[in-house]
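Based on the provided sequences and hints, a complete structural model is requested.
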Amino acid sequence: MIRNFIDGNEAIARGAVLAGCQLFAGYPITPATTIYQQMLRLLPAKGGICLQGEDEIASIGFCLGASMAGLKTMTATSGPGISLYSEQISFAIGGEIPLVIVDVQRLGPSTGSATKGADGDIQFMRWGCSGGLPVIVLAPVDVGDCFTLTMHAFNLAEKYRCPVFIASNKEIGMTCESIDLDSLATPEPLTREYCPSGQSYLPFKVESAAMVPSFLPIGGNRLVRQTSSTHGPEGYITADTEIIGVAIDRLEKKLVTAVDNFTFFELDSDPRAETLLIVYGVTARAAKTAVEQIRNGGKEISLLILKTLYPVPEDFLKRCLSKAKRVVVVEMNLGQYVREIERLVDEQPVIHYGRMDGELICPETIREVIGL
Amino acid sequence: MTTLLNRERPPVFCPGCSHEKIVRVLDNALQQLGLSGEQVVIVTDIGCAGLFDTFFNTHAFHGLHGRALTYATGLKMADPELTVITIMGDGGLGIGGAHFLSSCRRNLDINLLILNNFNYGMTGGQCSVTTPVEAATSSGFLNQLEPPLDICRIGVAAGAPWVGRAMATDGELSAQIAEAVFYQGFSMIDIWGVCPGRYSKRNKISLKQIEKEMSLLPAASGIVPANERQEFGSHYRSLAAQVQHPGSVSGINSIFSPPVRDRCNILLLGTAGQRINTAGEILCLSAMSAGMHVTQKNDYPITVLRGHSVSEVIFSRSPVGYTGIKKPHIVIALSAEGVARRKNVFSLLDTDSLIIAADNLEIPENNARTIKIDFKALGISTPDRALASLKVLAGEGYAITEEMLYAGLANRFTGKQLNEARSLICKAGQAEKRS
Ligand code: SF4
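Chains as they are written, first to last, in my numbering: chain P, 10 to 381; chain G, 94 to 528.
Calculated from the structure, these hints are not laboratory results.
It is possible that part of the hints are untrue.
Listed below are the simulated BS3-like cross-link pairs for lysine-lysine, each with C-alpha atoms no more than 30 Å apart in a straight line [stated by the list, open to error]:
| # | chain 1 | residue 1 | chain 2 | residue 2 |
| --- | --- | --- | --- | --- |
| 1 | P | Lys332 | P | Lys262 |
| 2 | G | Lys297 | P | Lys308 |
| 3 | P | Lys327 | P | Lys308 |
| 4 | P | Lys125 | G | Lys420 |
As structure tokens, then:
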């Protein structure tokens with residue numbers, strides 16, 4: 010058995026390079042800095058570009074420009090940086106610009122505690138920009154997930170032409186772990202679909218059945234228009250509410266109706282169990298231990314570790330929830346993802362436990378909450 | 094050459110607006126350079142100047158207020174062949190000040206045209222960073238409080254190698270734009286014009302008067318010799334080409350059998366300079382040489398050269414779940430600062446637990462077995478104490494064995510460093526005999 014010893018941030022960088030990332034731009038911020046440092050080690054040596062922006066706004070702006078020139082791009086930050094990214098993120102949504110954004114969450118609010126973990130940005134990643142249109146948010150549990158989900162994130166960004174978040178946490182990003190990287194199931198890298206040559210090109214036109222416009226790079230031999238303003242198929246600003254309505258509806262539907270294709274999870278269900286424990290992120294590690302202890306004690310429990318947080322995989326969750334008599338949600342914040350679960354249950358009680366003080370939630374606490 | 098103007102989208106500016114003139118001047122400049130629309134991208138931001146990209150049959154990138162230079166940078170880095178022209182008003186210049194300064198300093202081959210009409214036209218004529226203090230604006234008295242910026246002077250100070258200033262009506266403007274665009278590096282032109290829709294409504298000001306104002310400022314008309322240097326993109330590529338690929342992560346082979354039954358939690362408590370993190374890492378690498386699953390996380394203050402340094406290491410035969418340490422099995426205590434940081438764990442230690450501590454250190458009450466090491470007597474200096482403690486731990490056959498430790502060292506160090514680490518371990522062997 011040969012294993013590597015790396016942390017979550019390095020795993021993200023390595024996954025990004027393997028997924029074909031060609032430009033990384035970032036601004037140093039604990040606990041995300043080492044992603045930038047790793048990209049600086051890995052990317053230029055492979056002919057890629059690694060830049061340090063004058064601030065977070067510039068860093069993500071570099072990514073948007075380069076992505077529109079056809080490169081696969083990534084940026085990484087923590088909560089305070091996501092705040093600064095906000096309007097650029099909504100541009101990436103509206104302009105359908107592929108981009109991977111890593112949020113190595115740290116304890117907030119505001120500058121909070123730079124070296125303490127939390128999952129306090131979960132709703133922020135989903136809703137923290139103008140317009141409120143959906144993004145994809147994937148939540149790794151460990152170093153292995155950092156590697157594979159980053160590769161998936163690139164593929165999803167290319168396929169759906171949208172920003173894709175990796176919702177990491179200081180407790181994953183800066184924790185080193187033994188891992189056999191070669192044993193992980195990784196996806197084949199995808200590239201965005203280009204408009205076939207010989208066809209005239211409208212940058213935001215979608216074929217009737219499709220949901221995502223085909224891509225051409227700025228700088229190619231057919232003219233491309235990108236705009237952050239509401240636009241029609243030809244990429245000009247428009248005030249026509251009918252055209253705007255159709256476009257915005259598509260931006261919502263292209264992700265919400267496709268989430269079944271990229272719902273990542275681990276479901277360890279016991280058909281006899283009445284309780285379903287739902288967790289995500291680093292808390293899943295303690296949850297696994299707690300579940301093992303509960304089962305060793307002769308009690309039944311099911312565990313769902315959700316790794317695609319947004320768009321909320323509603324149908325999948327409803328199927329999981331329908332089998333439970335009660336649901337327990339444990340998370341490293343004061344109650345964020347539980348809101349999604351509460352709106353999806355029939356009548357089962359949803360018990361929530363949240364902690365956000367820089368300490369990991371431990372297996373004993375989870376068992377106490379569950380009462381088994 | 095043919096015009097690059099978009100016939101389907103004629104300019105829609107207020108009558109008499111200088112922007113309209115600049116549209117034609119820019120078209121003229123692009124024709125002089127013999128550029129086709131496919132070779133050019135026009136990057137804009139918000140405001141009336143932000144409409145520019147729509148009037149041209151070129152690639153177009155219209156984004157957020159003040160951020161045009163950020164997209165321009167990404168586009169140019171991704172496609173060095175592309176001619177990148179960025180257009181912003183004095184509003185975008187102000188809100189995007191950091192990007193302006195950085196672009197001057199960076200010297201990437203992009204061109205910036207600042208359409209300076211001394212106010213925010215689109216939002217109703219509020220003051221901008223270039224509004225004169227005596228002007229009347231819709232910002233009431235506020236513009237009297239802050240003097241206008243001389244953009245060119247700032248550009249020069251920030252390192253722009255090509256800086257120009259001109260009236261929108263200047264007959265030479267298209268030649269000047271062509272020269273700026275042709276220049277291999279960051280070029281900027283501060284173009285002064287009128288905004289009849291807003292600014293000139295409140296201020297009886299003619300182009301002539303504006304021109305007179307301009308003549309009072311130092312001239313800016315092209316290359317700034319003191320700022321000339323290698324262009325950022327080509328410089329980046331030449332430096333990046335020299336970066337050695339770090340190679341793949343070296344894997345660690347499992348060759349020993351571990352002396353740990355299930356899970357082992359180890360706390361290393363010390364101070365900056367004691368190489369606590371390195372010792373934690375070597376512990377992990379040692380355990381991995383026996384096929385263990387491991388995790389490590391470190392706790393230290395932002396000022397890395399002083400204060401506590403704590404490393405939490407977990408070994409497990411099965412994959413590590415929860416990565417926290419409530420109750421350690423082993424504590425290596427090397428400094429008072431480190432001990433203070435985790436003082437609450439000592440009361441949790443039971444008789445099966447082991448403490449390896451510097452002998453002069455006060456350890457809180459506990460039930461653990463304790464081995465004290467007199468580092469001074471052994472001649473082991475501060476930076477070596479954590480590593481030396483690992484030898485003592487291995488000697489106990491607890492958590493790691495000696496062969497695992499040697500494998501861990503060989504995975505972490507090479508050459509001289511490895512030899513030094515090995516001789517340190519030998520030296521630390523004396524401690525066992527004395528304790
Ligand atoms: S408001 Fe001023 S800048 Fe805008 S179009 Fe009218 S005159 Fe030109």
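Outcome of the hint check:
The straight-line distance between the Cα atoms of lysine 332 of chain P and lysine 262 of chain P is roughly 28 Å, inside the 30 Å bound, and the hint therefore holds. This hinted pair does not check out: lysine 297 of chain G and lysine 308 of chain P have alpha carbons roughly 85 Å apart, beyond 30 Å. Note on lysine 327 of chain P and lysine 308 of chain P: the hinted pairing holds, with a Cα-Cα distance of about 24 Å set against a maximum of 30 Å. Between lysine 125 of chain P and lysine 420 of chain G the alpha-carbon distance is near 20 Å, which keeps this suggested pair within the 30 Å criterion.
The structure does not agree with numbered hint 2 stated previously, though it agrees with all others.
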